[in-house]
Each structure stands twice: as structure tokens, then as C-alpha cells.
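Student: Sequences are here, hints too, so could you generate the full structure?
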Amino acid sequence: MKLLSRFAIVVLAVMASWANAWADDIKSENFNPITTGVTSLSITPDARGASMGDLGAATDPDVNSQFWNPSKYAFSYSNAGVSLSYTPWLRKIVNDIFLANVSGYMKLGSGDNQAVSASLRYFSLGEVATSDYGGEAMSTINPFEMSVDLGYSRKLSEKFSMGVALRYIYSDLGYGGDANNNDQTKGASAFAADISGYYTTFPVIGRNECQWSVGFNISNIGSKVSYNSGNDPAFLPTNLRLGTAFTFPLADYHNLTLSVDANKLLVPAKPRQANYLTEDGAYDYEAYTDALQNWKDKSSISGIFDSFHDAPGGASEELKEITYSIGAEYSYNQQFFLRGGYFHEDKTKGNRQYFGFGAGFSMNVIRLDASYMVATAQQSPLDQTLRFTVSFDMDGIKNLFGRN
0 MKLLSRFAIV VLAVMASWAN AWADDIKSEN FNPITTGVTS LSITPDARGA SMGDLGAATD
60 PDVNSQFWNP SKYAFSYSNA GVSLSYTPWL RKIVNDIFLA NVSGYMKLGS GDNQAVSASL
120 RYFSLGEVAT SDYGGEAMST INPFEMSVDL GYSRKLSEKF SMGVALRYIY SDLGYGGDAN
180 NNDQTKGASA FAADISGYYT TFPVIGRNEC QWSVGFNISN IGSKVSYNSG NDPAFLPTNL
240 RLGTAFTFPL ADYHNLTLSV DANKLLVPAK PRQANYLTED GAYDYEAYTD ALQNWKDKSS
300 ISGIFDSFHD APGGASEELK EITYSIGAEY SYNQQFFLRG GYFHEDKTKG NRQYFGFGAG
360 FSMNVIRLDA SYMVATAQQS PLDQTLRFTV SFDMDGIKNL FGRN
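Going by numbering that gives the first Met the number 0, the first residue of the sequence shown is number 0, and it counts up by one from there.
Calculated from the structure, these hints are not laboratory results.
Please note that the accuracy of each hint is not assured.
What the hints assert, rightly or not - For each label pair, taking beta carbons as the anchor points, the in silico distance ranges come out as:
#  : residue 1 : residue 2 : range
1  : 398       : 108       : 17 to 27 Å
2  : 301       : 117       : 27 to 37 Å
3  : 377       : 289       : 34 to 44 Å
4  : 289       : 365       : 51 to 61 Å
5  : 99        : 157       : 32 to 42 Å
6  : 95        : 202       : 41 to 51 Å
7  : 91        : 245       : 30 to 40 Å
8  : 298       : 398       : 47 to 57 Å
9  : 362       : 308       : 49 to 59 Å
10 : 292       : 362       : 54 to 64 Å
11 : 383       : 157       : 41 to 51 Å
12 : 117       : 332       : 41 to 51 Å
Unchecked claim - Once the Cα atoms are required to be at most 25 Å apart in a straight line, the calculated SDA-like pairs of lysine to any residue come out as:
#  : residue 1 : residue 2
13 : 263       : 211
14 : 91        : 374
15 : 263       : 232
16 : 346       : 32
17 : 263       : 273
18 : 397       : 362
19 : 397       : 360
20 : 263       : 317
21 : 154       : 391
22 : 158       : 239
23 : 223       : 145
24 : 158       : 232
25 : 346       : 362
26 : 346       : 275
27 : 295       : 221
28 : 397       : 335
29 : 154       : 194
30 : 346       : 79
31 : 346       : 373
32 : 269       : 323
33 : 263       : 241
34 : 223       : 349
35 : 263       : 290
36 : 91        : 346
37 : 269       : 349
38 : 297       : 282
39 : 154       : 111
40 : 295       : 309
For each residue, glycine too, the CB sits at the ideal point set by N, CA and C.
Tutor: Structure follows, in C-alpha cells:
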């Protein structure tokens, strides 16, 4: 199969962000991140969530809740909204890789207790030059990954809602070749679903009415994606997200929200040769090969359950697979926002550690948000990542034109 130079650049860029982890652990082969297909599904699309360290399971509903927790739409204050987000990706390495996202929702009925939602993600790897085995230029291609989903959420009580989302995924990372080339790469398709829940209440502490929320989202439950004519199946990035948020007033029109999210990929760890070392210091390659084949043959549903107990190091290794986000959002009159947060991943599972900062400004019709990422690891390709989101309140647009 012909290799694409852009893919090599991207892979090396991600490897660079893991360099600090490798320095200490490569010799003992402890470095073992969870591998999945269609990794772009895990990239945060909107500026608000990114600026708080990539969280949003229990924050106030907004137009981009489809990614974080679709069940929040049932508690949305507006009847409808649409948002557009744009993220230049790995901008320190290349300048034409990006993620674009469109999200929207609409309330149903007169009871203000249900909503439908949808989103479209498009991840482009830019323009890639292809060549033959002799290094001769052939053509240019535009590999990409995309997904489109539809969601439904409903209040089951005054304080609790649940939601579901159905998703179609397409990953086209290769090209067809010419008529005489039998070694062709085809795009891979998959279907997935999300299940989510959101609970919110308003306790009175002292003389102040506060808000406390809890949310969860199990996302990308679905089939595998099959690359290379089915010879290289890959798990989708099925993920369990749990979060909580607490909002309290600082003064009139001034509120502060503190939030925490925890994530775990519900994907089994890929077997390592280091776990098949015999007493005489040699590797049991037959046992390792069998384990690797069993991992490839494992269904995605079995992989979800096995992901909780398949780590070679036991419970301590399972805990390392959990990523944490902590963030804060200050708002003035729900018109001006300042945000900050931190994301942490264990160094043996990827070593992504970075701070997020951002701001937002809201009017009756439009809201603008921006975020900026600062990685803690030197020479990380994720450093200085920018995100921009513009959201439109459809109720505000109706009022602007005098329609009831």
C-alpha cells in the first residue's frame, strides 16, 4: 500500500507530544495508550468546552451540547439555536488540517420538555501529495473524516432528562489508485449511538440560590470501522463521560461555575509483548500473536465490558486510563464570559496535559466564543490550538424581526 506523507507527519507530531512519557517508560514498555479508529471524534469542537479544559457533561445547556451531553437540550432556555465552530488542528506542524462543526437543536411541543438536535463534523487532513514506490509524484488527494448525527432528549421529571443520539461515521484516509493497482484503500463506515442523562437542581445556600448539576454521556457505542478491506478493524472511540458543575452567585449579575469531568475510553487495551515475557527472559510470541488476534476479533460490545478489567497492571492501571478536566466559568449578566481549565492524561496513556483559556460575548441574537490551548509539554503539537464558535439564538432572531 502506498504511504501518504501527510499521515506520517501527523503521526510524528502526535508522537512528539508523547516524548516526555517515552523518555522514562519506553525501556520498560509501560507506555500503552488506548488505540482507536476515527480519533477525530474525540476532538473538542466548540470553544466554550475547550476553554475549560475540555469539559461539558454537566455545564449549562448550550447549542453545542450534542458533543458533550445531548440530554441537556431538554433544559435549554431558548427554543432553538444553531452554532458554527472552526478549529485549526496541529497548526504548529501544518497549516491546512482543520475541524469544522455545525450543531443545532429545536424544542418540540408546548410543554418545554423535549428537543431534537443534530450536528455535522468534518475533519480534513488537507491536501496530500501521493507517490509511487519509486518516489515519483502521482496526484494530490484530500483525506477526511466526517460524522452526522441526530438526537432526541426529554425531561423525565422537573430535574432529570435523558437523551439519545444516532450517528453515521465515514473515514476516508486513502485513495483508490489506478485501474491496474489491486492494492487500493477504501473509506470505512460505521454507525454509533449515544446515551446520556442530566440532573440539575437549585439548592439555597445561605441566602443565595445556587445550581448543582450532574451529567453522563456514553458516546460512540457502535460497530467497528474496517480499514484495508476489513483486514485492519479498529474500535470506535467509545467513551464514558461523567461530570458535575456547581454555580453560585458572587453578586448581582455575577456568577461563577466550577466544573469537573472524568472520561474513560470503553475500548480494550491492545496486547503488548512486554506482558508475554517468559521466566527465561524470552518472549512467548505465539501467546502474544493469539492475544493480538483475539483483540482484533473482539466485538465492540465485548470490548466495552472488557475495558474495565483488561489492564495488565490491574486496578492501578485502569485508573491511569481515566482523563480528568477541571474548569471554571465567570459570567456577567449572561453576556460576558471568562473561562479557564486544565486537562490531564497519564503519561503512560498519551501524556496530553494542557491549560485552556477563553472568553465569550453574548447579545440577544449572537454569541461569540474563542479559546486558546497552552500545553505543558515542550514542543507539543497541541500547543497554541485556537478554536472559534459563533452561535445564533433563533428566539432572538424572531424577536429582532418582530415575529411571535
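Student: For each hint, tell me whether it holds in the structure or not.
Tutor: Hints and how they fare:
no., hint, verdict
1, 398 x 108: 17 to 27 Å, "21 Å, holds"
2, 301 x 117: 27 to 37 Å, "30 Å, holds"
3, 377 x 289: 34 to 44 Å, "40 Å, holds"
4, 289 x 365: 51 to 61 Å, "58 Å, holds"
5, 99 x 157: 32 to 42 Å, "37 Å, holds"
6, 95 x 202: 41 to 51 Å, "49 Å, holds"
7, 91 x 245: 30 to 40 Å, "35 Å, holds"
8, 298 x 398: 47 to 57 Å, "51 Å, holds"
9, 362 x 308: 49 to 59 Å, "50 Å, holds"
10, 292 x 362: 54 to 64 Å, "58 Å, holds"
11, 383 x 157: 41 to 51 Å, "44 Å, holds"
12, 117 x 332: 41 to 51 Å, "30 Å, violated"
13, 263 x 211, "23 Å, holds"
14, 91 x 374, "12 Å, holds"
15, 263 x 232, "21 Å, holds"
16, 346 x 32, "9 Å, holds"
17, 263 x 273, "23 Å, holds"
18, 397 x 362, "14 Å, holds"
19, 397 x 360, "20 Å, holds"
20, 263 x 317, "9 Å, holds"
21, 154 x 391, "24 Å, holds"
22, 158 x 239, "22 Å, holds"
23, 223 x 145, "15 Å, holds"
24, 158 x 232, "41 Å, violated"
25, 346 x 362, "42 Å, violated"
26, 346 x 275, "23 Å, holds"
27, 295 x 221, "15 Å, holds"
28, 397 x 335, "22 Å, holds"
29, 154 x 194, "14 Å, holds"
30, 346 x 79, "41 Å, violated"
31, 346 x 373, "17 Å, holds"
32, 269 x 323, "22 Å, holds"
33, 263 x 241, "9 Å, holds"
34, 223 x 349, "22 Å, holds"
35, 263 x 290, "23 Å, holds"
36, 91 x 346, "22 Å, holds"
37, 269 x 349, "14 Å, holds"
38, 297 x 282, "23 Å, holds"
39, 154 x 111, "9 Å, holds"
40, 295 x 309, "14 Å, holds"
Checked against the numbered hints listed earlier, the structure breaks hints 12, 24, 25 and 30; every other hint is satisfied.
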